[in-house]
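A.B. asks: Work out the full structure: start from the sequences and follow the hints.
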Amino acid sequence: MNRFGKLLLVTMVVALAALLVLPAGAQDEGGIIIDSTFGSGPINFNPVTSTSATEQDVMNNLYPNLLGVNPVTGVIEPNQPGGLAESWEISDDGTVYTFKLRQGYTWTDGEPVTAYDWEYTWDAVKSGEVETNLIFLIDDPVVDMTAIDDYTLEVTFTSADCEALNSAGLQPIPKHYFEPLGFAAINEENFTDADDLEVGPYQLASQIPDQQTALIPATWDNPDGLPQNDGWVMRVFGDQTVEFQSFLAGETGVLESVAPNLQGDVISAAEDGSLQYYQYSPGDAWDYMAFNLANPQNPQAAYDESGNLIEQDPHPLFGDLRVRQAINMAVNVDDIIAGAVFGNGARMQSIYAPGSWPYAEDVPFYDFDPEAAAAMLEEAGWIDSDNDPSTPRVAQGAMYAEDGTEMTFTLFTNQGNTRRTAIGTIIQDQLAQVGIGVDFQTIDFNVLLDILDQQTYDTFILGWRNSYPFRADQRQLWATTSDVIAGDNFTSYINPELDDLWVQAATVPGCDIEARREIYGQIQQIFHEDTPYLFLYSINGMYAWNSKYQGVNPYPGAFYWNLSEWTVTE
Amino acid sequence: MIKYTIRRLIQAIPTFFGITMLSYLLMTAAPGGPTAALAFDPRISPQERRAIEARLGVSDPWPVQYLRWLTGDDWMRRDTDGDGRADTCILIACDADGDGQTEPAGTRRGILRLDFGTSFFERRPVIEVIGDRVNATFELGLSALVVSLIIGIPLGILAGVYRGSLFDNIARLVSVVFSAVPIFWLGLILLLIFGRWLDILPLGGRHGIVLTGEVPPLYTRLNYLILPTFVLAANYIAVYTRYMRASLLDVINQDYVRTAQAKGLSGARVWFVHTARNALIPIATFLGPAVTGILGGAVLTETIFSWPGLGRTGVSAVIQQDYPVVMAVVIIGAAATILGYIVSDIMYALIDPRIRFD
Chain F
1 MNRFGKLLLV TMVVALAALL VLPAGAQDEG GIIIDSTFGS GPINFNPVTS TSATEQDVMN
61 NLYPNLLGVN PVTGVIEPNQ PGGLAESWEI SDDGTVYTFK LRQGYTWTDG EPVTAYDWEY
121 TWDAVKSGEV ETNLIFLIDD PVVDMTAIDD YTLEVTFTSA DCEALNSAGL QPIPKHYFEP
181 LGFAAINEEN FTDADDLEVG PYQLASQIPD QQTALIPATW DNPDGLPQND GWVMRVFGDQ
241 TVEFQSFLAG ETGVLESVAP NLQGDVISAA EDGSLQYYQY SPGDAWDYMA FNLANPQNPQ
301 AAYDESGNLI EQDPHPLFGD LRVRQAINMA VNVDDIIAGA VFGNGARMQS IYAPGSWPYA
361 EDVPFYDFDP EAAAAMLEEA GWIDSDNDPS TPRVAQGAMY AEDGTEMTFT LFTNQGNTRR
421 TAIGTIIQDQ LAQVGIGVDF QTIDFNVLLD ILDQQTYDTF ILGWRNSYPF RADQRQLWAT
481 TSDVIAGDNF TSYINPELDD LWVQAATVPG CDIEARREIY GQIQQIFHED TPYLFLYSIN
541 GMYAWNSKYQ GVNPYPGAFY WNLSEWTVTE
Chain X
1001 MIKYTIRRLI QAIPTFFGIT MLSYLLMTAA PGGPTAALAF DPRISPQERR AIEARLGVSD
1061 PWPVQYLRWL TGDDWMRRDT DGDGRADTCI LIACDADGDG QTEPAGTRRG ILRLDFGTSF
1121 FERRPVIEVI GDRVNATFEL GLSALVVSLI IGIPLGILAG VYRGSLFDNI ARLVSVVFSA
1181 VPIFWLGLIL LLIFGRWLDI LPLGGRHGIV LTGEVPPLYT RLNYLILPTF VLAANYIAVY
1241 TRYMRASLLD VINQDYVRTA QAKGLSGARV WFVHTARNAL IPIATFLGPA VTGILGGAVL
1301 TETIFSWPGL GRTGVSAVIQ QDYPVVMAVV IIGAAATILG YIVSDIMYAL IDPRIRFD
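From first to last, the protein sequence lines are chains F and X. With the working numbering, letter number 549 in the first sequence gets 549, and the count goes up by one each step, no holes. With the working numbering, letter number 81 in the second sequence gets 1081, and the count goes up by one each step, no holes.
Don't take each hint at face value.
Some residues of chain X that are not near chain F, with every Cβ distance over 12 Å (derived) [unchecked claim]:
(1) Asp1074
(2) Thr1118
(3) Val1129
(4) Leu1145
(5) Asp1250
(6) Gln1261
(7) Asn1278
(8) Leu1280
(9) Ile1281
(10) Thr1303
(11) Ala1336
(12) Val1343
Here are some, though not all, of the chain F residues that point toward chain X, as calculated from beta-carbon distances under 7 Å [claimed, not checked]:
(13) Phe136
(14) Gln211
(15) Val233
(16) Asp239
(17) Gln240
(18) Gln245
(19) Leu449
(20) Gly521
(21) Gln522
Bear in mind the hints are in silico, worked out from the structure with no lab data behind them. Even glycine gets a Cβ: it sits at the ideal position worked out from N, Cα and C.
C.D. replies: What follows is the structure, encoded as structure tokens:
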């Protein structure tokens, strides 16, 4: 090799050596809590226009809510962390709540936080000039929010509703700042500058899109005291695997939500004491397979333009209850829990997960019984004409299908979700054992949403995430009025008895919890029998954090409630 | 040359608009729409979702949307009586959301007047959204381009010079591997090795934690740049190595090389002055596609390495169907591609005196 070649080689070796000795990892973080998220990071901290749960985690440390949740019980109560309502009274008809607010909280500029801030926030939502998802509150369930004085707020609801408080939990924007600018100015303000108005206990230090959000303790007084740590930083990763590896490597210190396929890794890694975790069941998310009870060739809303109930054109297969029940018996959900969430799930027999307060223990599960499923399909007119279970059955006297129709259907889920892909694969395999052909397809999420909105599917696999605090009322998913094109009663499940029970449960006099539980028990029994979904499981939740973080005291659904008290030991 | 460049730029205008029109058509033809992600909340009624779509203008026919994107809506929805509300409307409804109240007068000027619009999701001007990310992408792209040239060209030359040697075989093997290995896989493996197991490089990001919001100077965060640069450059190292080697071996048989050797010039002078210099000419044509390819590669690299650049933003925008941001990224990509090819052609003519600007 000549002189030039040698020089080149030496240069490359020196360069490689230099790379290896460069300082790695993050800079010295001191007492800073380093959290993380993946995907689209937080970009908007405006309480009215923000739309993501990650942004909500950040905003909960910048602005108070009207109402706080008891982290132990998960119930809205007076004087709870993050909530300014110290007490409230309810009118005799149950529609007007008068809240007394705690005093002493100020915005960054020293102006006090008052009931007028909430009134203004509500006026902004109602104005129609602000692009906000809070529009769902307008008129129903919330009629108005009025400040009686600086520290008294009156909220009027459409009707007496035991879960009305869940709809009143707004975070305020500063009236004194926005009033001179007008409501439209709220659209332009993302509160991502360090000098924006906040309440605390933290203030925004910096926001670098797709990289990090950094909070530091507020520099003004807060009646709840200032944080004991030096700050809280949320790093944004592009990929979940890299986020997880960064946590294991100690680059980040907190994982708010550990995916079920990674929970085992956390438990193993925690054996040496470097990590701690909190696993809880039921988690706040659940998966299901939905049946379209109506004919996808003829999708229609529940009501016509005059408000009359329309007789739905039944689905050739799933219009028959026996077919849905047979599928319940032909699918081994325990196998799905093992295969899709690695055992980190609690089986559901209806709409509520075991352990949630309305859960009815006496509602049975469908036993895995392929023989009984096959017999039920025979009874429903789906015959195994060639005595070969591996080929699809054919209709012979089926309720809604022409004779000779093959028993096959399409099952959709969203592309890129390995958990749901596993569910679909297992269901496809197990239903094939009883002569049901499943065309399982993973498709783009937006395409899937479009299909659901139009109700032009046979079945699909998706999941729902419960709100926090937990709402037992699921009318938005199941009420007959939600069976409209682009509504959320995708399955066209129409049951007038259920419509009445939802209302009864929400308006029990005095909101007696036992009376409500009993009604929700009846609802679950009906769901179990009618089975518009194949209910699968709720995913176990898990939080994990580095052992050098002290003071972490989580409860189900409440991880960050005492973030101010977390400290970092070296 | 100036005349040639101007002519090429003028020729690029219809190409550019063709790209934007096709992109807009494809984007709006995709199922779903921004409200699917923006308002995917069961508490929001279908009517409310439709109202949001109407206010965003995404329920209009795509030619109207495209025209508004190009020319703005300040002429489509005007306020002539000064009450702040539109009263004269062309092509679009004054009361888009059907709430009985006309919408505010249009304020958008369209990209022809350098207004890229407002991001549906970030709720701020697209120019700010792009401005926050373009530096990161430029930094990564430039590093990758420089590294690929610095490593790829010498490797190709040495492989050519020592043709058939162990070095040549290794270089050819490496270039095949680098061409074949998918970026996302290589990125994850390198992160695991250097970030997790050896713990000598950070696991992604552009810099460590900062409280000020200021991006630290480049020299303090070179360790964050190493892996994404290498991964993004890997494919181009392979390409340059192969091209350079092939080009060198092609030139080696030319008469002037034999003449130089016959004159008794040293081997190094023949190889690196006479041969390599002429072998570089075809490489110049590759610069345009390389710029485009590196922008495309940044989409995956930025996602894996949590690099806060345009590629990652573009992916999010496509998933969320944030039309104004998608179109801005398309414009940048199209402009970079067109300019890259023009620069390539110009360089080719500059390097090779036999080629004339016509």
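A.B. asks: For each hint, tell me whether it holds in the structure or not.
C.D. replies: Going down the list of hints, with the structure as the test:
1. No beta-carbon of chain F comes within 12 Å of the beta-carbon of aspartate 1074 of chain X; the shortest separation is about 16 Å.
2. Under the 12 Å C-beta cut-off, the non-interface status given to threonine 1118 of chain X relative to chain F is violated; the minimum distance is some 9 Å.
3. Here valine 1129 of chain X does not stay apart from chain F, with its beta-carbon only about 8 Å from theirs, under the 12 Å limit.
4. At roughly 17 Å from the closest C-beta of chain F, the C-beta of leucine 1145 of chain X stays outside 12 Å, upholding its exclusion from the interface.
5. A cut-off of 12 Å between C-beta atoms confirms that aspartate 1250 of chain X is not in contact with chain F; the least separation is 21 Å.
6. At roughly 15 Å from the closest C-beta of chain F, the C-beta of glutamine 1261 of chain X stays outside 12 Å, upholding its exclusion from the interface.
7. The claim that asparagine 1278 of chain X lies off the interface holds: its Cβ sits roughly 17 Å from the closest Cβ of chain F, which is beyond the 12 Å cut-off.
8. Chain F leaves leucine 1280 of chain X outside its interface by the beta-carbon criterion, the shortest separation being 16 Å against a cut-off of 12 Å.
9. With a minimum CB-CB distance of about 21 Å to chain F, isoleucine 1281 of chain X clears the 12 Å threshold, and the non-interface call stands.
10. Residue-level check failed: threonine 1303 of chain X sits 4 Å from the nearest beta carbon of chain F, not beyond 12 Å.
11. With a least CB separation of 20 Å from chain F, alanine 1336 of chain X remains clear of the 12 Å interface cut-off, as annotated.
12. Valine 1343 of chain X, annotated as away from the interface, keeps every beta carbon of chain F farther than 12 Å; the closest lies near 28 Å.
13. Because the closest C-beta pair between phenylalanine 136 of chain F and chain X is about 4 Å apart, less than 7 Å, the hint holds.
14. Interface restraint check for glutamine 211 of chain F: the shortest CB-CB distance to chain X comes to about 4 Å, inside 7 Å, so the restraint holds.
15. Contact between valine 233 of chain F and chain X, as hinted, is supported at the beta carbon level, the nearest pair being about 5 Å apart and thus within 7 Å.
16. At its closest, the beta carbon of aspartate 239 of chain F sits 5 Å from a beta carbon of chain X; the interface hint therefore holds under the 7 Å criterion.
17. Taking 7 Å as the C-beta cut-off, the interface hint given for glutamine 240 of chain F is violated, the closest approach to chain X being about 11 Å.
18. Taking 7 Å as the C-beta cut-off, the interface hint given for glutamine 245 of chain F holds, the closest approach to chain X being about 5 Å.
19. Contact between leucine 449 of chain F and chain X, as hinted, is supported at the beta carbon level, the nearest pair being about 5 Å apart and thus within 7 Å.
20. Given hint, glycine 521 of chain F at the interface with chain X, is violated; its Cβ is 23 Å from that chain's nearest Cβ, farther than 7 Å.
21. Interface restraint check for glutamine 522 of chain F: the shortest CB-CB distance to chain X comes to about 23 Å, outside 7 Å, so the restraint is violated.
Figure legend: structure checked against the earlier numbered hints; hints not met, in rising order: 2, 3, 10, 17, 20, 21.
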